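Take the sequences, apply the hints, and build the full model.
So you can see what is in the structure, the chains are spelled out below.
Protein chains: 2
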Amino acid sequence: MTRTILSSATKEVVIGFDQPFCVIGERINPTGRKKLAAEMKEGNYATVEADAIAQVAAGAAMLDVNAGIPLADEPRILAETIQLVQSLVDVPLSIDSSIIEALEAGLGVYKGRPLVNSVTGEDESLERVLPLIKKYDCAVVAISNDETGISEDPDVRFEVAKKIVERAHDHGIKPCDVVVDPLVMPIGAMGTAGRQVFALLNRLRTELKVNSTCGLSNISFGVPNRRALNAHFLSMAAAAGLTSAIMNPLHAEDMSGAMAANVLNGVDANCSRWIKKFREPAVVDAGAEGGGREGRRRRRAR
Amino acid sequence: MTRTILSSATKEVVIGFDQPFCVIGERINPTGRKKLAAEMKEGNYATVEADAIAQVAAGAAMLDVNAGIPLADEPRILAETIQLVQSLVDVPLSIDSSIIEALEAGLGVYKGRPLVNSVTGEDESLERVLPLIKKYDCAVVAISNDETGISEDPDVRFEVAKKIVERAHDHGIKPCDVVVDPLVMPIGAMGTAGRQVFALLNRLRTELKVNSTCGLSNISFGVPNRRALNAHFLSMAAAAGLTSAIMNPLHAEDMSGAMAANVLNGVDANCSRWIKKFREPAVVDAGAEGGGREGRRRRRAR
Chain A
1 MTRTILSSAT KEVVIGFDQP FCVIGERINP TGRKKLAAEM KEGNYATVEA
51 DAIAQVAAGA AMLDVNAGIP LADEPRILAE TIQLVQSLVD VPLSIDSSII
101 EALEAGLGVY KGRPLVNSVT GEDESLERVL PLIKKYDCAV VAISNDETGI
151 SEDPDVRFEV AKKIVERAHD HGIKPCDVVV DPLVMPIGAM GTAGRQVFAL
201 LNRLRTELKV NSTCGLSNIS FGVPNRRALN AHFLSMAAAA GLTSAIMNPL
251 HAEDMSGAMA ANVLNGVDAN CSRWIKKFRE PAVVDAGAEG GGREGRRRRR
301 AR
Chain B
1 MTRTILSSAT KEVVIGFDQP FCVIGERINP TGRKKLAAEM KEGNYATVEA
51 DAIAQVAAGA AMLDVNAGIP LADEPRILAE TIQLVQSLVD VPLSIDSSII
101 EALEAGLGVY KGRPLVNSVT GEDESLERVL PLIKKYDCAV VAISNDETGI
151 SEDPDVRFEV AKKIVERAHD HGIKPCDVVV DPLVMPIGAM GTAGRQVFAL
201 LNRLRTELKV NSTCGLSNIS FGVPNRRALN AHFLSMAAAA GLTSAIMNPL
251 HAEDMSGAMA ANVLNGVDAN CSRWIKKFRE PAVVDAGAEG GGREGRRRRR
301 AR
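Chains as they are written, first to last, in our numbering: chain A, 1 to 302; chain B, 1 to 302.
One should not assume that every hint holds.
[Unchecked claim] If you only want the chain A side, here are some residues facing chain B, beta carbon under 8 Å, derived:
hint : residue
1    : Ala-58
2    : Gly-59
3    : Ile-187
4    : Gly-194
5    : Val-223
6    : Phe-233
7    : Met-236
8    : Ser-272
9    : Trp-274
Everything labelled a hint here was simulated from the structure, so no lab data went into it. Note that this is a predicted model, so its numbers are computed, not measured. Note that beta-carbon positions come from the ideal geometry of N, C-alpha and C, so glycine has one too.
See the structure below:
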């Protein structure tokens with residue numbers, strides 16, 4: 001049973017097939033957030049603080065921290081942001097950068113065992129990131145693209161993921177510390193994007209036996225009612241094998257999707273998290289809802 | 001590619017792996033609806049009329065019609081109800097009764113090719129229902145229980161389904177005309193109910209190659225926020241192979257689940273049904289939502 005163990009100074013989180021879906025909060029990321037980028041660049045972390053606290057309050061099990069700001073000192077800002085966030089909340093973090101120096105700076109100040117986001121199948125990325133993962137004994141997100149870009153063929157993406165897992169093994173990193181991002185295409189541009197990812201997630205779980213993650217909202221880019229589509233993508237993907245996602249925990253529909261997936265995948269024992277969250281007033285008779293079919297079925301079942 | 005073809009006098013509906021999820025409206029069923037039962041018994045079909053029209057307006061592709069009222073003349077009432085419903089709406093019907101005489105009466109007046117709901121794996125049921133299915137050249141819901149009741153073991157339920165498909169074949173009925181109900185247990189009572197059904201649906205699709213259906217709301221019996229749980233059960237089950245469900249089309253969340261499943265399973269070409277239903281005002285920029293991760297991914301994807 002594959003288990004990826006992450007921690008902060010005081011708290012451990014396990015990503016795994018037998019675990020509740022791991023919600024990784026995506027908000028602390030200046031990409032596409034001009035105001036946040038400007039604030040972080042000038043050392044104003046008020047929005048970061050608010051985002052950290054709000055996401056954990058909303059149920060995020062981990063937070064992704066990204067400081068990718070053009071023409072800024074990303075290593076310093078990322079390290080400062082991580083220290084600040086770790087002083088505010090106790091969830092483990094995902095250290096998110098495509099710049100190796102920034103990852104090093106983040107790892108240098110991090111307390112606990114983080115997830116590093118990310119390594120790709122490109123040789124340069126593998127040779128620079130994997131030694132860091134080994135040195136700091138942490139886990140890494142493996143993105144299934146390589147020098148040739150992102151293949152539209154899921155079998156090619158699987159082979160890239162496999163290559164990263166094997167190369168990590170060469171560096172002394174266990175498969176359970178490689179969390180594969182199968183790369184989610186927008187369904188509006190590619191009608192097979194859903195089925196493709198579900199099939200790929202199934203192979204990642206059964207053949208490579210690794211945990212998985214993705215940027216959840218990619219699936220619905222350009223399509224209306226994104227929240228509902230994201231939420232159902234999450235639960236369907238979780239049924240297919242997805243064990244975590246980088247997503248917005250402030251979106252209640254997405255969180256309901258994750259919680260429903262936990263119930264239906266049998267990783268919310270006695271539905272206790274679901275019931276705690278959605279318990280109805282005692283006057284409501286849940287048995288009164290649901291229509292005739294169920295009544296008949298229940299009688300048959302006796 | 002398995003296709004179950006149903007029809008009314010004027011309209012054909014196909015249940016199939018490559019088709020949109022088939023929503024079968026459950027409302028015309030007096031079980032647990034005392035007022036409706038009393039009305040139907042005295043020949044008042046006002047509620048039936050309203051339910052028929054509302055369910056089709058809400059997007060039901062078929063309607064289930066049940067007239068199971070204690071101490072009433074079920075064959076006569078079922079036949080009358082079917083004739084009335086067929087005069088009001090053009091969707092194919094599922095003729096729902098556990099009484100053979102009622103099924104016969106319904107089949108006698110039905111215009112088109114109906115779904116008969118249902119046959120079980122019990123010998124008496126098989127020997128009485130299957131000849132009717134052959135005689136009227138229609139399709140049948142096969143419920144995976146037998147003389148021993150409903151097994152909690154999904155492998156046993158699979159074997160019962162297989163037995164029904166084989167017995168139907170002996171009667172000259174093709175597997176594509178057998179729509180298996182794998183039987184959904186309440187998740188509140190059995191934490192494995194979800195995964196069990198997903199695995200069973202996968203086997204029904206890949207091994208028996210048959211279509212499937214279920215009473216959707218059974219899954220959430222006794223648990224709060226049933227709508228969200230039903231909706232995610234629907235989309236997850238559709239990802240696992242479920243091709244239809246007997247459900248309440250007036251529940252918007254469930255319908256969104258079915259529509260999202262169609263998009264993500266690649267059976268809503270160009271997301272056209274989804275976009276038609278949820279199109280946003282032109283001023284909204286869909287690209288503005290979704291956070292930084294997506295922006296980064298899209299840049300990487302180039």
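Results for each hint:
{"no.": "1", "hint": "Ala-58", "in the structure": "violated, 14 Å"}
{"no.": "2", "hint": "Gly-59", "in the structure": "violated, 15 Å"}
{"no.": "3", "hint": "Ile-187", "in the structure": "holds, 6 Å"}
{"no.": "4", "hint": "Gly-194", "in the structure": "holds, 3 Å"}
{"no.": "5", "hint": "Val-223", "in the structure": "holds, 6 Å"}
{"no.": "6", "hint": "Phe-233", "in the structure": "holds, 6 Å"}
{"no.": "7", "hint": "Met-236", "in the structure": "holds, 4 Å"}
{"no.": "8", "hint": "Ser-272", "in the structure": "violated, 10 Å"}
{"no.": "9", "hint": "Trp-274", "in the structure": "holds, 7 Å"}
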